[in-house]
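Q: Residue numbers (numbering that gives the first Met the number 0), protein chains in the order written: chain A, 0 to 193; chain W, 0 to 83; chain D, 0 to 408.
Some clues are possibly wrong.
Now the stretches of chain W that chain D is said to cover, found in silico as 3 or more residues with beta-carbon under 8 Å [to be verified]:
hint	stretch
1	17-23
2	45-55
Derived CB-CB ranges, DEER-like [said to hold, decoys possible]:
hint	chain 1	residue 1	chain 2	residue 2	range
3	W	Asp52	D	Pro173	14 to 22 Å
4	D	Gly109	A	Ile122	34 to 42 Å
5	A	Asp50	D	Pro173	28 to 36 Å
6	W	Gln77	A	Thr77	43 to 51 Å
7	D	Thr231	A	Asp174	47 to 55 Å
8	A	Phe189	D	Leu12	26 to 34 Å
9	D	Leu143	W	Gln77	32 to 40 Å
Honestly, the hints are just simulated from the structure, not real lab data. None of these values were measured; they are calculated from a predicted model. For each residue, glycine too, the CB sits at the ideal point set by N, CA and C.
The chain contents come next:
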Amino acid sequence: MSDQLLWYTTRGAGAVSLVLLSAVVVLGLLARVRFETHGWPRFLSAAVHGDLALMTLVFLVLHIVTAVVDPFTHLGLTALVPFGSSYRTLWLGLGAIAFELLLAIVATSLLRRYIGARVWRGIHWLAYASWPVAVFHGIGTGTDSTALWMIVIDVVCVGAVGVALVWRMVAAPPDPLADERRLAAERASFGAGQ
Amino acid sequence: MQRRTRGGGGGVMSDRVTLGIDRIKCDGHGVCADLVPELIELDDWGYPIIRPDAIPKSVLPHAKRAVSGCPTLALRLQALASHR
Amino acid sequence: MSIALLAGPPATLGMESFAEHQHRLGALPKATRALIDSIERSSLRGKGGAGFPVATKWRSVAAQRAGRPVVLANGGEGEPLSRKDRMLMEQRPHLVIDGAVLAAGAVGAGEIVLYVGADHSGAIQAMQRAMTERSASERKRIRLVSSPVRYVSGEETAAVHFVNAGIALPTSIPPRPYERGIDGRPTLVQNVETLAHVALIARFGDEWFRSLGIGDASGTTLVTVGGAVPQTVLIEIPMGLALADAVNAAGGITSDSDAVLLGGYFGGWVESSTAWGLPLDTDPLRQQGYSLGCGVIAVLPSERCGVVETARILAYLAHESARQCGPCTFGLRAISASAGRVAGLASTPGDLEHIQRWAGFLAGRGACRHPDGAAGLLASALRVFADEFEHHAFERRCSVARAVAAAAS
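Bound-form chain A, shown alone (with noise of 0.2 Å):
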């Protein structure tokens, strides 16, 4: 095999991944905010960012495996543990914890009826983490880090998740019940405040 085909597909992955992942957290976000449309009903949000977050992996994998497999770039296995790597340790120990964070919340995802939603919701805000690691680790390592399609890609890509996350936390619909909940467990219990 071509070694530049290797190569090629390892950075093309990379460059997917980065902005599948960023729809991905884009998508999550919108959920959060219940965001809908006439054309663009609730439950789309989170099972387009499930699909989404699916073919993340696919790319992912395609993009670690390539890199691994590629003579050129003399990584091993080790690659995979998260600054396990002499080349570039930090850089791609940061690509590691990515991975291994969104592979995380992906299988607790499908895994969701069985582990309970507070379990699963702790995990899953572990995504607030991976998809600002796996940004770090493409600029960083990344070898097209500099060229300026890759810049547009990144600056998209940020200023997607940026106004997505500003919106949520601006506009989250919060449970209509919290602050009700913990009065009326004040009032049933002899804690503080009875």
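Add chains W and D to chain A, keeping to what the hints say.
A: Same frame as chain A, now just chains W and D:
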């Protein structure tokens, strides 16, 4: 969304299962009403009103999607006899 | 009129001590599985409000395999109009403890929890004192737990939740307490009055218990009679007694009355013409669409308006919601706001219509039966006080207020 039918859909009943709900877990997201409007509609405050009858066979796949799509896992499928 | 629970020293003498209790009634019989058969023949129903057959409940608990059962004697009494549980515990704590011990023996429980409201100090003191008079082996496996007194704190899952986690709010079912309750073990939650009846049935037999009722009814029951009577009293009546006779036994009515609240806030209004003849027995009442509930009978005085009283009760019920379920929290609040405006002769167009519509979406949509109770009370009010609701909503006048003003002038 084309499939906005009310009132049951197909005629064949499934093995007498119905939708059960944990009312404390439910936060009124309303995704369920989108996914299975044959069985669920929302009240004035966004909380589900669920038809208590057996789920018709044709609607069952949508009911299952609603169960797995609930953000708080408040919905479940349960045998018809055992409600409360 | 036969009395059983309240036989013995009068209430003015306070708590009946263990010595007096033993002397009057004899030693506590041994608790065996056979007791369940006797309870079944006696047709004893739960006195917590649901009227569930006691033997059936015990069998369900005994049949569970998820650990050694626990008995919870429920003296939570969150219903504000009811006095029976706290007064029974105050005057006859040993009957309650006997019943709990017997229930534990019958279902194989190793542990008993006595659940009492923290505000009911008389009951707590009596139960504590009574505990000191019991045997060492009983004291080792019985503990007294007192919880905040709220309307829902006597609900069976709320009682279990308080024992488990210190919060007296209902939890979702499944699982019900009889399957998994205190510490995840099968838990028999039984009202304290029910347990007191058990203590007597175990001594005197199911036939004796049946004979106390009128006609086909079995046993006696405690009722709290209030409203248009000389004072709020607790009386013991034979099951099957006509409501009018119960009210007369409580001192008779002090004013004309158009309606009676039967079953407390969880029950409903009955027009007096129907109410007086009602037999106070679980099944006959249910067949006619009424409920004895926790034995509250409140006679509406002629100078009080049913619409105003109903709005007051709804405001209370909305306030007392556990606020865990949207339909109950928001539904009750909205209904209460509208009802308050109607009662205050300040209704906006649509208030009455909204009340009727929202009421239809309450039943069965909470984790517990709190919204169902409110819906039932409201439905009965809309029926019994239909005309008055219309006067208030559409003509902004209250017939009762006018009558009271006219009488005063």
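Q: Each hint: holds or not?
A: So, going through the hints one by one against the coordinates:
As drawn, the stretch 17-23 of chain W meets chain D at 3 residues by the rule of a beta-carbon pair under 8 Å; at three or more, the given contact holds. Only when three residues or more bring their CB closer than 8 Å to a CB of chain D does the claim for the stretch 45-55 of chain W stand; here the count is 4, and the claim holds. Remark: the range hint 14 to 22 Å for aspartate 52/W to proline 173/D is upheld by a beta-carbon distance near 20 Å. The hinted range of 34 to 42 Å is satisfied by glycine 109/D and isoleucine 122/A, whose Cβ atoms lie roughly 39 Å apart.
Take aspartate 50/A and proline 173/D: their Cβ atoms lie about 33 Å apart, and the range 28 to 36 Å holds. For the pair glutamine 77/W and threonine 77/A, the supplied restraint of 43 to 51 Å holds, since their beta-carbon distance comes to about 49 Å. About 41 Å separates the C-beta atoms of threonine 231/D and aspartate 174/A, a value inconsistent with the hinted range of 47 to 55 Å. For the hinted restraint 26 to 34 Å between phenylalanine 189/A and leucine 12/D, the CB-CB distance of approximately 33 Å keeps it satisfied.
At roughly 37 Å, the beta-carbon separation of leucine 143/D and glutamine 77/W lies within the given 32 to 40 Å, and the hint holds.
The structure fails to meet hint 7 from the earlier list, while all remaining hints are met.
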